[in-house]
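Student: Hey, can you work out the whole structure from these sequences and the hints?
In my numbering, the protein residues as written are 123 to 563.
Just so you know, these hints were derived from the structure itself, not from any lab. None of the values given here were measured: they were computed from a predicted structure. Ideal Cβ positions, reconstructed from N, Cα and C, are used throughout, including at glycine. Some hints here could point you the wrong way.
Stated by the list, open to error - With a straight-line Cα cutoff of 25 angstroms, these simulated DSS-like cross-link-like pairs (lysine-lysine) come out:
#, residue 1, residue 2
1, K381, K207
2, K207, K350
3, K195, K420
4, K420, K304
5, K325, K313
6, K467, K420
7, K331, K404
8, K128, K139
9, K274, K331
10, K420, K381
11, K153, K142
12, K274, K420
13, K153, K366
14, K219, K420
15, K195, K180
16, K331, K304
17, K304, K145
18, K142, K219
19, K350, K542
20, K183, K145
21, K274, K145
22, K145, K182
23, K313, K381
24, K331, K207
25, K180, K153
26, K381, K366
27, K207, K325
28, K207, K195
29, K180, K139
30, K420, K313
31, K145, K195
Said to hold, decoys possible - Label pairs and their in silico Cβ distance ranges:
#, residue 1, residue 2, range
32, D271, A513, 24 to 32 angstroms
33, H134, P320, 45 to 53 angstroms
34, V534, P277, 20 to 28 angstroms
35, D178, S479, 49 to 57 angstroms
36, D386, I324, 16 to 24 angstroms
37, D386, S508, 37 to 45 angstroms
38, P473, L521, 54 to 62 angstroms
39, M484, M306, 23 to 31 angstroms
40, Q359, E226, 28 to 36 angstroms
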Amino acid sequence: MEEQQKLDYIRHELTGKIIKTLKLDDHELVKVSITTPNHLDGFMSAIHNLVLITRDNKTKKETTLNLMVKVMKGDEAFREVSQTKTQFTNEIYIYDKVIPVFSEVLSSRRCKVRGEDWCPRIFHCAAGLIPGFSSIYETILVMENMTLDGFKTGPRNDLDEDHLTLMAERIAQFHACSYALKIMDKENLEKLVNGIIPLNFIKNGQMFKSYAIMFRCGLDRIYEYLAKHPDELNSEQFTVDMEKLRDKYGKEPINLMQKFLQRDEFSVILHGDYNRNNVLFKYENGRPVDLRMFDFQKNRYATPSIDLSFFMCMSMPTGFREQLWIPLLKSYHDSLMETLVDILKCDRNDPRLETYSYINFMKHMNRFAMYGAMVACHFLPWMLSSEEECALLAENSVLDIGSAEMRRLIMVSGGEKVDKRLIEIFRHMSQLGYFSIVHDD
123 MEEQQKLDYI
133 RHELTGKIIK
143 TLKLDDHELV
153 KVSITTPNHL
163 DGFMSAIHNL
173 VLITRDNKTK
183 KETTLNLMVK
193 VMKGDEAFRE
203 VSQTKTQFTN
213 EIYIYDKVIP
223 VFSEVLSSRR
233 CKVRGEDWCP
243 RIFHCAAGLI
253 PGFSSIYETI
263 LVMENMTLDG
273 FKTGPRNDLD
283 EDHLTLMAER
293 IAQFHACSYA
303 LKIMDKENLE
313 KLVNGIIPLN
323 FIKNGQMFKS
333 YAIMFRCGLD
343 RIYEYLAKHP
353 DELNSEQFTV
363 DMEKLRDKYG
373 KEPINLMQKF
383 LQRDEFSVIL
393 HGDYNRNNVL
403 FKYENGRPVD
413 LRMFDFQKNR
423 YATPSIDLSF
433 FMCMSMPTGF
443 REQLWIPLLK
453 SYHDSLMETL
463 VDILKCDRND
473 PRLETYSYIN
483 FMKHMNRFAM
493 YGAMVACHFL
503 PWMLSSEEEC
513 ALLAENSVLD
523 IGSAEMRRLI
533 MVSGGEKVDK
543 RLIEIFRHMS
553 QLGYFSIVHD
563 D
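Tutor: Structure follows, in structure tokens:
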């Protein structure tokens, strides 16, 4: 009954709001179609495909709108435990407040980059009590269906240099707007940042339970593999780094995750969950030439390393990772500087940009880029496992994320290829000196 009520609201009241937003008062609504593909559902969200056909009353020309409606799943208890309410409210905020401000900065400064090209077009968003939809706090996000405009998902697992470079350059443009506002209009940036509800791993001494469990299991998997294959610790530095990580954070790695949220001069408004599963690519002759990013639920104001190291650790196989890591960071920084120079109408030697120089950026990455490896230790088993294993992981995460079966799945899914990949990622972090945050007191 409750689900039907929500569908009825989408079909009638929400459709009316969309028509009004588009100023189609002189159009007749000919057809409304709602479908709910299972493969689009997430852990915390339900996605409905909404197709509207309107007819101009004068010309009789018909127009078809292909939209996607994203809403929260679960009851209030589930949303509290999973912090769904916080995450979805923040996502609405990014689309409704942050991106419009960033877009205005770019357009008012006559920049080549357009904020409208970052994400799907948003037709409606709301957060709060929505009469007629349900009796509890809700969020509704209506966006264009980008798949009908030639955008599609990229490779499920590893990405090539073209995909990775495009992702690095695009997120750099987004980050650059935070720095530009720091320089030109710090008060406006602070206002935007203050509108983001803090999404902490630890709040008032209480751990984000689901993440605490997943990080603990992910790290346990690595150390169990090392216990069976001690030869993988093939250098003194790697041995010291891994022992320090286990001694300081092995019991509760979520304490390390909270350290990554420290703020400094490099802090930006983040995407927060920037990975290949949250972007769509457009291709020409088989090469990616454009992308759109979505799913800003985990956005924060923190280090850009969170956005960068996540997709870099998740998407590059060993060998390729070592070869491309530094060039990819250089591509990111070049795009960052190019966008900043365009916004500020200055050159790269402008003293206002010294804080964000390549040398300072690389020092910053040295302190915070371990984030990507820590997320990979629990997320790679999902991404590199079989469809059957992935389905079991998803099912058990909803049933009881703290169960023995969920732990078993995290520990074995994907098999030895995942174990080896994780060891190789952590070894690379050690070689780069990224364990510095682990050794800090």
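Student: Against this structure, judge whether each hint is valid.
Tutor: Hints and how they fare:
no.	hint	result
1	K381 with K207	holds (23 angstroms)
2	K207 with K350	violated (42 angstroms)
3	K195 with K420	holds (16 angstroms)
4	K420 with K304	holds (22 angstroms)
5	K325 with K313	holds (22 angstroms)
6	K467 with K420	violated (32 angstroms)
7	K331 with K404	violated (37 angstroms)
8	K128 with K139	holds (15 angstroms)
9	K274 with K331	violated (33 angstroms)
10	K420 with K381	holds (16 angstroms)
11	K153 with K142	holds (16 angstroms)
12	K274 with K420	holds (22 angstroms)
13	K153 with K366	violated (62 angstroms)
14	K219 with K420	holds (16 angstroms)
15	K195 with K180	violated (41 angstroms)
16	K331 with K304	violated (34 angstroms)
17	K304 with K145	violated (36 angstroms)
18	K142 with K219	holds (20 angstroms)
19	K350 with K542	holds (12 angstroms)
20	K183 with K145	holds (16 angstroms)
21	K274 with K145	violated (29 angstroms)
22	K145 with K182	holds (16 angstroms)
23	K313 with K381	holds (24 angstroms)
24	K331 with K207	holds (16 angstroms)
25	K180 with K153	holds (18 angstroms)
26	K381 with K366	holds (16 angstroms)
27	K207 with K325	holds (15 angstroms)
28	K207 with K195	holds (10 angstroms)
29	K180 with K139	holds (22 angstroms)
30	K420 with K313	holds (19 angstroms)
31	K145 with K195	violated (31 angstroms)
32	D271 with A513: 24 to 32 angstroms	holds (30 angstroms)
33	H134 with P320: 45 to 53 angstroms	violated (36 angstroms)
34	V534 with P277: 20 to 28 angstroms	holds (24 angstroms)
35	D178 with S479: 49 to 57 angstroms	holds (55 angstroms)
36	D386 with I324: 16 to 24 angstroms	holds (19 angstroms)
37	D386 with S508: 37 to 45 angstroms	holds (41 angstroms)
38	P473 with L521: 54 to 62 angstroms	holds (56 angstroms)
39	M484 with M306: 23 to 31 angstroms	holds (25 angstroms)
40	Q359 with E226: 28 to 36 angstroms	violated (48 angstroms)
Violated hints, listed in ascending order, are 2, 6, 7, 9, 13, 15, 16, 17, 21, 31, 33 and 40; each of the other numbered hints is respected by the structure.
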